[in-house]
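**Q** Sequence:
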Amino acid sequence: MDILALASGYSHMMGGYAGGQAQYARVPFANVGPLKIESDLPDEKVLFLSDIFPTGYMAAENAQILPGDTVAVWGCGPVGQFAVASAFMLGAARVIAIDRLPERLEMARSLGAITVDYSEEDVSVLTALKDLTGGIGPDACIDAVGLEAHSAQLQGTYDKIKVALMMETDRPSVLRQAIQAVRKGGTLSVPGVYGGLLDKVPFGAAFGKGITMKMGQTNMHNYMKPLLERIEKGQIDPSYIISHRITLEQAPEMYEVWRDKKENVTKIVIDPWAEAAS
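Every letter in the sequence shown is one number past the one before it in our numbering, and letter 90, counting from 1, is 1391.
I should point out that these hints are in silico values taken from the structure, not numbers from a laboratory.
Because the structure is a prediction, the values reported are computed rather than measured.
Check before you lean on any hint, since a few could be wrong.
Unchecked claim - Below, computed lysine-lysine pairings styled on DSSO-like, alpha-carbon distance capped at 27 Å:
hint: 1; residue 1: K1485; residue 2: K1346
hint: 2; residue 1: K1431; residue 2: K1346
hint: 3; residue 1: K1568; residue 2: K1526
hint: 4; residue 1: K1534; residue 2: K1431
hint: 5; residue 1: K1431; residue 2: K1485
hint: 6; residue 1: K1510; residue 2: K1337
hint: 7; residue 1: K1526; residue 2: K1515
hint: 8; residue 1: K1568; residue 2: K1534
hint: 9; residue 1: K1534; residue 2: K1337
hint: 10; residue 1: K1463; residue 2: K1501
hint: 11; residue 1: K1568; residue 2: K1346
hint: 12; residue 1: K1501; residue 2: K1461
hint: 13; residue 1: K1346; residue 2: K1510
hint: 14; residue 1: K1461; residue 2: K1526
Stated by the list, open to error - Simulated restraints on C-beta separations:
hint: 15; residue 1: V1333; residue 2: G1369; range: 16 to 26 Å
hint: 16; residue 1: G1511; residue 2: Y1556; range: 22 to 32 Å
hint: 17; residue 1: G1435; residue 2: P1368; range: 17 to 27 Å
hint: 18; residue 1: G1392; residue 2: I1338; range: 23 to 33 Å
hint: 19; residue 1: W1574; residue 2: G1334; range: 19 to 29 Å
Beta carbons are placed, not taken as given, at the ideal position from N, Cα and C, and that holds for glycine.
All chains should be modelled from the sequences, with the hints used to inform the complete structure.
**A** Okay, structure coming up:
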């Protein structure tokens, strides 16, 4: 493929292979790992089968969505967007998407989601979710953020200080909110990565509500072929999340664009064979 996305082992804990942002890359276990595309689908439609589309779909599947459910998704980045789309595909009646970046919230709305901007003054995510669910809480909550969560509340400052002092490894503000928000007997799905020790997680609330929690590294082989079939049938075109298409030489500067969330960036695709415009 002209456009390459390769995630071959997330850290040494998950395999230890370096990813590929290059014209050529070593593909371990190439006899069983890659999925051969037999149709004439363009690269961009199938590119995200290598990582984020299955991750978002598994997040929605782990949420145990039933027809008519209300699902809340924290984080409208690429995985969160696919979690929103997948929740609808699995029968959710309403999806509430939570983020702070206008371009991400607009994309979630284009999928049919109700949005909550947690950065707005006097906005409480928990209050908003109660208001939208008649005080019950969402049937399922999806934490598509993970260890680097931001929070405008005091807990955000608390986590930053604890991480800086190496007294905590992760910033679990979204996980805390999701546990507090989900209805009794509901489900919490966690595709967002956590890497170590968490503090002040309201586990008593999780126990008292009797919630189900499902999480973990995505089983890519379990989802690639079924999701390819959905693409081939026209049920979804994953390329809608792409905002930037760049050359390999532009990659260093685009890391800064992504880090600082400039230029309404939602997803960057590198074509290692393209040449920069003169």
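**Q** Checking each numbered hint in turn, tell me which of them this model violates, lowest number first.
**A** 1, 2, 4, 6, 13, 14, 15, 16
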